[in-house]
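Residue numbers (our numbering), protein chains in the order written: chain A, 15 to 164; chain B, 17 to 282; chain C, 17 to 793.
It is worth saying that the hints were derived from the structure and are not from the lab.
Do not take every clue at face value.
[As the list claims (entries may be wrong)] These stretches of chain A come out as covered by chain C in the derived footprint (C-beta under 8 Å, 3 or more residues):
1) 39-50
2) 55-68
3) 88-94
4) 102-109
5) 113-124
6) 130-143
7) 148-156
[Claimed, not checked] Below, a list of computed lysine-lysine pairs in the DSS-like style, where the Cα atoms sit at most 25 Å apart:
8) K728/C / K157/A
9) K706/C / K259/B
10) K20/B / K42/A
11) K477/C / K271/B
12) K787/C / K250/B
13) K503/C / K477/C
Predicted model, so just to flag it, every value in this text is computed and none were measured.
Quick reminder that beta carbons are idealized off the backbone N, C-alpha and C, glycines included.
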Amino acid sequence: MKIELTVNARRRSVEVSPDDYLVDTLKKLGYKSVRRGCDTTSCGVCTVLVDGDPIPSCAFLSVRADQRAVTTVEGIPETASALAEEFGQTGADQCGFCNPGIALTVHAMQEKESDTDDETIRRHLVGHLCRCTGYQSQHEAIKAYLGDEK
Amino acid sequence: MKFKTYRRVESLDEAYQLLQEDRKNMVVAGGGWLKMSSRTLETAIDLSALGLDRIVAGEDTIEIGSMTPLSAIEADSGIAALASGILSQAAGAVMGLSFRNLATVGGSVVGKYGFSDVLTPLLAMGAELDFYGEGRISLEAFLKKKGRTADILKSVIVPRSLGPGYFKKVRKTRLDFAALNLAVVTTQRGYRIAVGSRPSAATLGEEAMEILNSADTIDEATIEKAARAVASLKYGDNPRASKAYREHVAYVYTKRAIEEVRDCED
Amino acid sequence: MKKKTFKTVNTQFPSVDGKGIMMGRPAYTDDFAPVDALTIKVLRSPHPFARIASIDTSAAEAMEGVEIVLTHKDFKRNPFTRAGQGYPEPSPHDKFVLDEYVRYVGDEVAAVAAVDEETALSALDAIDVEYEVYEPVLDFESAKGHDSIIHPEKEVYEMFPIGFDPERNVAASYHMEIGDVEQTLAQSDVVVEETFYTQAQAHTMLEPHTVNAHIDYQDRLVLFSATQTPFHVRRILSQTLEVPISRIRVIKPRVGGGFGGKQAIHGEMLAAAVTLRTGRPSKLTYTRQEVFESSYTRHPMRLNIRIGSTKDGRLTALDLQGLSDTGAYGEHALTVYMVTGSKVLPLYNKVDAVRFAGDVVYTNHVSSGAFRGYGAVQGNFALESAIDKVADKLGMDPMALRQKNMILEGETSPIFEVMGEGTEGTAMDMESCKLDYCVKRGMELIGYEEKSPRREVSEHKIRSIGGAIAMQGSGIPYIDMGAATLKLNDDGFFNLTVGATDIGQGSDTILAQIAAEQLEVPLEKMVVYSSDTDLTPFDVGAYASSTTYVSGNAVLKAAQQMRSRLVEEAARSMQTSPEAIIYEDGRFEAEDGSPGIDLGELATKLYYNEDQKQLTTTGSYYGTKSPPPFMVGFVEIEIDRETGELDILDYVSVVDCGTTINPALARGQIEGGIVQGIGMALTEDEHYSKKGKLISKDFLNYKIPDNYTVKKLTTEFADSYEDSGPYGAKSVAEIGIDTPPAALANAVENALGVRIRSLPITPEKIVAALKESRTDT
Numbered sequence: 015m016k017i018e019l020t021v022n023a024r025r026r027s028v029e030v031s032p033d034d035y036l037v038d039t040l041k042k043l044g045y046k047s048v049r050r051g052c053d054t055t056s057c058g059v060c061t062v063l064v065d066g067d068p069i070p071s072c073a074f075l076s077v078r079a080d081q082r083a084v085t086t087v088e089g090i091p092e093t094a095s096a097l098a099e100e101f102g103q104t105g106a107d108q109c110g111f112c113n114p115g116i117a118l119t120v121h122a123m124q125e126k127e128s129d130t131d132d133e134t135i136r137r138h139l140v141g142h143l144c145r146c147t148g149y150q151s152q153h154e155a156i157k158a159y160l161g162d163e164k
Numbered sequence: 017m018k019f020k021t022y023r024r025v026e027s028l029d030e031a032y033q034l035l036q037e038d039r040k041n042m043v044v045a046g047g048g049w050l051k052m053s054s055r056t057l058e059t060a061i062d063l064s065a066l067g068l069d070r071i072v073a074g075e076d077t078i079e080i081g082s083m084t085p086l087s088a089i090e091a092d093s094g095i096a097a098l099a100s101g102i103l104s105q106a107a108g109a110v111m112g113l114s115f116r117n118l119a120t121v122g123g124s125v126v127g128k129y130g131f132s133d134v135l136t137p138l139l140a141m142g143a144e145l146d147f148y149g150e151g152r153i154s155l156e157a158f159l160k161k162k163g164r165t166a167d168i169l170k171s172v173i174v175p176r177s178l179g180p181g182y183f184k185k186v187r188k189t190r191l192d193f194a195a196l197n198l199a200v201v202t203t204q205r206g207y208r209i210a211v212g213s214r215p216s217a218a219t220l221g222e223e224a225m226e227i228l229n230s231a232d233t234i235d236e237a238t239i240e241k242a243a244r245a246v247a248s249l250k251y252g253d254n255p256r257a258s259k260a261y262r263e264h265v266a267y268v269y270t271k272r273a274i275e276e277v278r279d280c281e282d
Numbered sequence: 017m018k019k020k021t022f023k024t025v026n027t028q029f030p031s032v033d034g035k036g037i038m039m040g041r042p043a044y045t046d047d048f049a050p051v052d053a054l055t056i057k058v059l060r061s062p063h064p065f066a067r068i069a070s071i072d073t074s075a076a077e078a079m080e081g082v083e084i085v086l087t088h089k090d091f092k093r094n095p096f097t098r099a100g101q102g103y104p105e106p107s108p109h110d111k112f113v114l115d116e117y118v119r120y121v122g123d124e125v126a127a128v129a130a131v132d133e134e135t136a137l138s139a140l141d142a143i144d145v146e147y148e149v150y151e152p153v154l155d156f157e158s159a160k161g162h163d164s165i166i167h168p169e170k171e172v173y174e175m176f177p178i179g180f181d182p183e184r185n186v187a188a189s190y191h192m193e194i195g196d197v198e199q200t201l202a203q204s205d206v207v208v209e210e211t212f213y214t215q216a217q218a219h220t221m222l223e224p225h226t227v228n229a230h231i232d233y234q235d236r237l238v239l240f241s242a243t244q245t246p247f248h249v250r251r252i253l254s255q256t257l258e259v260p261i262s263r264i265r266v267i268k269p270r271v272g273g274g275f276g277g278k279q280a281i282h283g284e285m286l287a288a289a290v291t292l293r294t295g296r297p298s299k300l301t302y303t304r305q306e307v308f309e310s311s312y313t314r315h316p317m318r319l320n321i322r323i324g325s326t327k328d329g330r331l332t333a334l335d336l337q338g339l340s341d342t343g344a345y346g347e348h349a350l351t352v353y354m355v356t357g358s359k360v361l362p363l364y365n366k367v368d369a370v371r372f373a374g375d376v377v378y379t380n381h382v383s384s385g386a387f388r389g390y391g392a393v394q395g396n397f398a399l400e401s402a403i404d405k406v407a408d409k410l411g412m413d414p415m416a417l418r419q420k421n422m423i424l425e426g427e428t429s430p431i432f433e434v435m436g437e438g439t440e441g442t443a444m445d446m447e448s449c450k451l452d453y454c455v456k457r458g459m460e461l462i463g464y465e466e467k468s469p470r471r472e473v474s475e476h477k478i479r480s481i482g483g484a485i486a487m488q489g490s491g492i493p494y495i496d497m498g499a500a501t502l503k504l505n506d507d508g509f510f511n512l513t514v515g516a517t518d519i520g521q522g523s524d525t526i527l528a529q530i531a532a533e534q535l536e537v538p539l540e541k542m543v544v545y546s547s548d549t550d551l552t553p554f555d556v557g558a559y560a561s562s563t564t565y566v567s568g569n570a571v572l573k574a575a576q577q578m579r580s581r582l583v584e585e586a587a588r589s590m591q592t593s594p595e596a597i598i599y600e601d602g603r604f605e606a607e608d609g610s611p612g613i614d615l616g617e618l619a620t621k622l623y624y625n626e627d628q629k630q631l632t633t634t635g636s637y638y639g640t641k642s643p644p645p646f647m648v649g650f651v652e653i654e655i656d657r658e659t660g661e662l663d664i665l666d667y668v669s670v671v672d673c674g675t676t677i678n679p680a681l682a683r684g685q686i687e688g689g690i691v692q693g694i695g696m697a698l699t700e701d702e703h704y705s706k707k708g709k710l711i712s713k714d715f716l717n718y719k720i721p722d723n724y725t726v727k728k729l730t731t732e733f734a735d736s737y738e739d740s741g742p743y744g745a746k747s748v749a750e751i752g753i754d755t756p757p758a759a760l761a762n763a764v765e766n767a768l769g770v771r772i773r774s775l776p777i778t779p780e781k782i783v784a785a786l787k788e789s790r791t792d793t
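Working from the sequences, and respecting the hints, build out all of it.
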């Protein structure tokens with residue numbers, strides 16, 4: 015079946031099977047930042063925004079993206095670039111495989127939450143597994159990024 | 017899970033007819049666990065065009081549409097005000113935020129998952145389910161029914177007349193399934209206690225409720241008896257915890273829960 | 017000590033690639049897979065131990081879109097080891113590309129390459145296999161001499177003596193003794209004897225194992241692989257598939273984490289075989305289940321330790337004997353086990369006698385292999401748990417006991433000479449060892465005096481402190497080799513090409529910093545590239561904490577040579593002698609004050625105007641010793657005395673790794689290691705069904721730490737300088753993982769008086785131990 019969606023504000027039309035997942039459809043469309051980490055919605059690597067909300071694209075049926083707005087990290091270059099600066103300051107820029115997903119979650123959090131205290135940051139980020147950093151340097155970097163943006 | 021066709025239905029009746037037509041047709045709620053199944057379906061039925069994702073606060077109840085994502089339950093201030101916010105806590109305890117944006121309360125309830133975190137507080141709160149077809153039925157009765165339902169869940173209805181509550185999810189890490197879920201709520205008819213992830217699905221601690229609700233005062237001896245009763249419910253082993261540890265933490269947290277709820281009420 | 021003020025090293029710089037990766041630019045192996053690559057899927061064994069009695073692939077082969085189906089019949093019986101180590105390998109050659117035997121649930125049976133994933137998966141379903149099922153060996157303590165022989169095939173062999181005895185299910189064996197342990201123990205005032213168990217731990221790097229292959233326009237086989245060891249991959253492919261090594265190119269793009277899990281060969285062999293046979297590009301990416309079920313884990317061990325002491329707390333003897341489970345194949349069987357002794361026991365170097373021995377056995381479990389801190393973390397758990405027991409028996413403070421007995425700067429241990437990794441070792445003195453400072457500073461940071469051992473904070477909660485010390489190494493002397501090439505470009509910027517493999521630890525960045533420091537240029541003038549077996553010089557790869565020390569020294573040598581070549585060229589251009597040139601911050605000046613020249617100008621002249629030539633230098637390095645980094649780890653926990661649940665309030669690390677080339681990246685290595693160690697200590701566990709199938713095969717069932725697991729990490733570095741290291745640096749990649757298991761076990765005992773001897777330390781085990789201790793008394 016054919017679906018129409020916008021990806022990073024660009025209209026796309028794509029043929030999908032009823033049981034295709036969004037991660038594969040986005041890959042097919044050439045969005046290389048959308049990568050697989052686990053297949054059980056547990057790791058956060060494949061996170062994209064649908065109408066502004068982070069979702070695990072490995073479990074989101076492509077048909078459900080019909081007429082909706084999908085954002086990948088390619089669509090938020092300012093957030094990603096500014097967040098990367100802060101990751102670089104705290105040493106959180108290790109293997110980076112989880113970083114595009116984190117940037118998207120931070121972007122969505124920024125839109126939604128007026129008060130981004132430590133607990134809010136942890137609550138939004140908890141679904142993003144990272145095996146490199148031990149999380150604290152990421153947390154500090156995200157805090158610094160949100161502080162700078164205010 | 018594989019399926020051949022996908023139907024975004026335009027009415028509950030259309031969904032209902034599809035479900036009756038073929039056992040290989042199924043309602044797909046949030047779809048969070050679809051990948052875990054290797055079944056092949058004929059038609060996946062999508063209810064997302066029916067406006068079932070709303071939380072409506074009424075005079076005596078809060079009605080949560082079956083397609084409401086857990087993240088919306090977690091964020092709803094009316095639900096947070098119920099029973100010390102135990103349903104919000106339980107919804108917020110499920111995996112990561114992006115998963116909770118996907119997973120719906122309807123999926124959690126109809127799936128009768130043993131590991132479901134929201135079933136336990138819903139059961140303790142005395143929630144009712146509104147099905148297209150069967151009509152209203154208590155969650156308690158629904159959980160006791162065997163097999164899968166051919167009706168369509170429209171909403172989950174929780175009463176507003178609840179006193180203080182307590183919820184505990186015992187788990188290894190924040191992202192883990194529960195080794196045990198415990199919810200205690202005070203209602204107009206007394207204490208209600210539910211235990212989930214035993215590892216089988218949530219059940220009421222009826223004996224403990226009876227002990228508490230027939231006691232003149234909730235003293236230490238009564239609490240001890242009630243906690244023993246909760247610990248003697250049916251538990252089992254799985255990689256998250258042994259039967260013995262489940263019995264132990266059920267006992268410990270029931271004691272703490274009752275004390276906390278009692279002290280809140282005073 | 018040659019310490020001086022640095023310009024680029026010992027300074028914080030963001031990773032050279034952090035921004036591009038965050039922005040989602042193509043960087044990882046799968047991002048470079050050819051669009052028309054065949055998808056490879058592997059049929060895996062449902063049995064822990066069986067022989068393939070018959071296999072019928074005709075239906076699969078007949079399917080439209082299926083390009084090739086490979087089974088054991090398609091390969092010569094040419095055993096290799098996947099380990100990815102220096103050559104000749106100290107691991108048994110016991111693996112076939114595909115074999116008629118399957119030795120664990122998840123072992124490879126057949127491979128299908130098809131036009132897409134769906135077709136490949138359908139083809140797997142169409143393969144008909146009959147198994148002759150054998151009794152598996154699922155308990156490593158009964159593996160030795162078991163009736164089931166896991167490697168009965170005649171072709172398997174050891175490359176040199178490692179104690180390989182496959183008929184008894186022994187993959188490797190080791191024994192050493194210095195002094196007379198039995199006699200010394202008999203004469204000791206106090207002897208503590210304890211038995212510990214450590215579990216299999218999964219690496220869970222976020223990028224799954226992935227590889228793609230194609231034949232290039234020069235008819236050569238090119239692989240992109242998420243590997244830590246591209247040069248080993250090239251060699252092993254060549255030897256096993258009998259393709260000339262000159263016809264293979266292995267490219268390692270950005271790797272999404274490794275931790276030792278990508279040291280070995282995974283999908284490379286099948287992808288290479290498919291592409292060689294079909295001539296078509298192919299790709300193979302492991303599912304997360306395959307990563308858990310069909311790669312490898314940390315070696316589970318049983319460790320029996322005995323420690324002798326005088327009554328005033330002088331340790332007299334250490335005796336560590338154990339058993340290690342290598343699973344179905346023997347990757348790193350000997351080396352991991354040896355490190356269990358050699359990177360742990362020298363911590364207490366003043367004992368009169370020390371012994372280390374044990375067997376590494378085959379079982380029908382997922383294979384074990386390299387994993388950050390290998391051996392050391394298991395040995396550290398046993399030793400540093402037992403040291404607290406000794407202190408308890410002596411009535412001494414456990415840190416005071418450590419301070420009295422631990423290794424200090426200028427000292428040595430006889431173990432260094434006796435034990436290497438797979439071979440004999442190398443004698444060395446501890447020219448840099450600030451362990452005494454680390455312990456003192458760590459005690460201050462955790463608030464040891466006020467908080468140790470325990471405080472009750474509420475009716476149910478107790479807070480307590482636990483500590484442990486650790487050491488690692490910096491590469492393997494005389495074995496690990498790294499090389500680097502610097503190329504000058506016009507306008508005075510450089511290409512630094514290294515075989516060292518950045519897998520996320522930041523080695524590209526720190527190696528560029530070392531070169532920039534020596535050449536006195538800004539970091540952005542150093543364009544770094546790793547690694548490509550065609551384009552970059554040799555390096556054994558990212559393992560054994562070797563990159564900063566070994567590859568860093570190679571970079572420093574290349575940069576020193578480049579600097580003197582530049583000075584020569586500047587002298588020629590300025591018509592003076594090299595001795596008369598002063599070079600500083602990208603500018604050459606003459607001592608006599610005659611006009612100087614900028615590096616950029618000189619470089620441009622060298623390519624366009626004057627005596628034109630390309631300046632390229634290559635440095636290579638192998639260690640003649642392996643200076644250990646040291647650290648102390650202290651944890652403060654809050655534990656529920658009734659349920660055994662605990663929170664980590666703070667984990668303090670004070671580390672001596674010499675100079676930190678990039679302090680933030682060094683901190684990243686330590687903190688990442690600490691939290692992996694905490695995962696091993698508390699939540700991570702491999703569960704098998706009774707029939708030998710892995711249950712914990714996804715992130716739902718295998719729980720690694722998340723951002724709520726640790727409330728606070730406090731990380732500091734000691735002021736230290738290792739003369740033999742690049743700008744005083746030692747390596748830092750592994751040591752972080754070593755202390756958490758023992759520190760947490762010690763904290764639990766300090767809080768509740770119970771000792772947990774098997775990892776992970778779960779609330780359930782704590783409650784069971786509390787119940788037992790109540791029954792005892």
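Count the residues of the stretch 113-124 of chain A whose Cβ falls closer than 8 Å to any Cβ of chain C, and tell me whether that reaches three. Contact hint for the stretch 113-124 of chain A vs chain C: holds, 3 residues under 8 Å.
Three or more residues of the stretch 39-50 of chain A near chain C by CB distance under 8 Å? With 5 residues closer than 8 Å to chain C, the stretch 39-50 of chain A meets the three-residue bar; holds.
Within a Cα-Cα threshold of 25 Å, do K503/C and K477/C meet the stated pairing? violated, 61 Å
Go check the stretch 130-143 of chain A versus chain C for me, would you? Three or more residues, Cβ under 8 Å, otherwise it fails. This one holds; 5 residues, not fewer than the three required, reach chain C with a Cβ under 8 Å.
Are the Cα atoms of K728/C and K157/A separated by 25 Å or less? holds, 15 Å
Run the distance test for K20/B versus K42/A: straight-line Cα separation, threshold 25 Å. holds, 21 Å
So if I understand the rule, the pair passes when the alpha-carbon distance is 25 Å or less; does K477/C with K271/B pass? holds, 16 Å
Holds or violated: K706/C to K259/B, with C-alpha atoms at most 25 Å apart: Since the Cα atoms of K706/C and K259/B sit roughly 18 Å apart, the hinted pair holds (cutoff 25 Å).
Within 8 Å of chain C's CB atoms, at least three CB atoms from the stretch 88-94 of chain A: coverage verdict: holds (count 3)
Can the restraint linking K787/C and K250/B be considered satisfied, given a maximum Cα separation of 25 Å? holds, 22 Å
The stretch 102-109 of chain A covered by chain C? Criterion: 3 or more residues, Cβ-Cβ distance below 8 Å. holds (count 8)
Counting residues of the stretch 148-156 of chain A with a beta carbon closer than 8 Å to any beta carbon of chain C, are there 3 or more? This one holds; 6 residues, not fewer than the three required, reach chain C with a Cβ under 8 Å.
In terms of the numbered hints stated before, the structure departs from hint 13 and from no other.
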